[in-house]
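Enquirer: Counting the sequence shown from 1 gives a position; our numbering is that position plus 1.
Keep in mind that the hints were calculated from the coordinates and are not lab data.
By construction, the Cβ of each residue, glycine as well, lies at the ideal position given by its N, Cα and C atoms.
Heads up, a few of these hints could be off.
As the list claims (entries may be wrong) - As a list, the in silico DMTMM-like pairs of lysine to aspartate or glutamate whose alpha-carbon atoms are at most 20 Å apart:
(1) K10 <-> D68
(2) K171 <-> E113
(3) K13 <-> D94
(4) K125 <-> E114
(5) K7 <-> D46
(6) K13 <-> D32
(7) K155 <-> E113
(8) K155 <-> E133
(9) K125 <-> D160
(10) K10 <-> E21
(11) K13 <-> D46
(12) K162 <-> E133
As the list claims (entries may be wrong) - DEER-style ranges, computed between Cβ atoms:
(13) L141 <-> R120: 26 to 36 Å
(14) T163 <-> K13: 13 to 23 Å
(15) P82 <-> R120: 15 to 25 Å
(16) R40 <-> N123: 30 to 40 Å
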Amino acid sequence: MTELVKVEKVSKLSKRALSELCAAASEAIEDGAGFGWLRPPPQQDFERYWQGVVLVPERTLFIGRLDGIIGGSVQLVSPPPQKEAWAFACLIDTHFVAPWARGHGMARALLEEAEQEARSRNFKAINLSVRETQGAALSLYETLGFKRWGSHPKYALVDGKTVAGHYYCKEI
2 MTELVKVEKV SKLSKRALSE LCAAASEAIE DGAGFGWLRP PPQQDFERYW
52 QGVVLVPERT LFIGRLDGII GGSVQLVSPP PQKEAWAFAC LIDTHFVAPW
102 ARGHGMARAL LEEAEQEARS RNFKAINLSV RETQGAALSL YETLGFKRWG
152 SHPKYALVDG KTVAGHYYCK EI
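Construct the complete structure from the given sequences, taking the supplied hints into account.
Expert: The following block contains the structure:
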């Protein structure tokens, strides 16, 4: 049986999709994915977070499915209207793939879809940041043409220890 990865832009989440997204994100967090949380939040808080994401006009949510089940996501974040000087660039946020869905090209497919959306909205650059401990993500970003422009030695605090982070930009 061939496994199929599909990426879609979503503006609302069904109860099933919300449940799958929370489960996938929780598994990624428990596996050490570095997109902000250190431990999955309580289910109701997590659900409110994702429901809020689709309500924020500056956030565009893409979900990745493997054989029909949500296994990852990425958000494309536009600058708010009052940030005119930054209006040329967008930001990648909350990019993850659950451990069970890795190895099928979902992380790449999510980024490629977000980049296509950024191009269609006439952005000239995409920015992102990532913990140094996320080796697979670092490799993927660099393979896709993101250039590291800086590092922060105390980017995050994980288990009482500071972790460096890297900043990337891609001109599109």
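Enquirer: All hints are to be evaluated individually against the structure, with a verdict given for each.
Expert: Okay, the hints, checked on the actual structure:
no.: 1; hint: K10 <-> D68; result: holds (17 Å)
no.: 2; hint: K171 <-> E113; result: holds (12 Å)
no.: 3; hint: K13 <-> D94; result: holds (18 Å)
no.: 4; hint: K125 <-> E114; result: holds (16 Å)
no.: 5; hint: K7 <-> D46; result: violated (27 Å)
no.: 6; hint: K13 <-> D32; result: violated (27 Å)
no.: 7; hint: K155 <-> E113; result: violated (29 Å)
no.: 8; hint: K155 <-> E133; result: holds (11 Å)
no.: 9; hint: K125 <-> D160; result: violated (37 Å)
no.: 10; hint: K10 <-> E21; result: holds (15 Å)
no.: 11; hint: K13 <-> D46; result: holds (17 Å)
no.: 12; hint: K162 <-> E133; result: holds (13 Å)
no.: 13; hint: L141 <-> R120: 26 to 36 Å; result: violated (19 Å)
no.: 14; hint: T163 <-> K13: 13 to 23 Å; result: violated (38 Å)
no.: 15; hint: P82 <-> R120: 15 to 25 Å; result: holds (21 Å)
no.: 16; hint: R40 <-> N123: 30 to 40 Å; result: holds (38 Å)
The earlier numbered hints that this structure contradicts are 5, 6, 7, 9, 13, 14.
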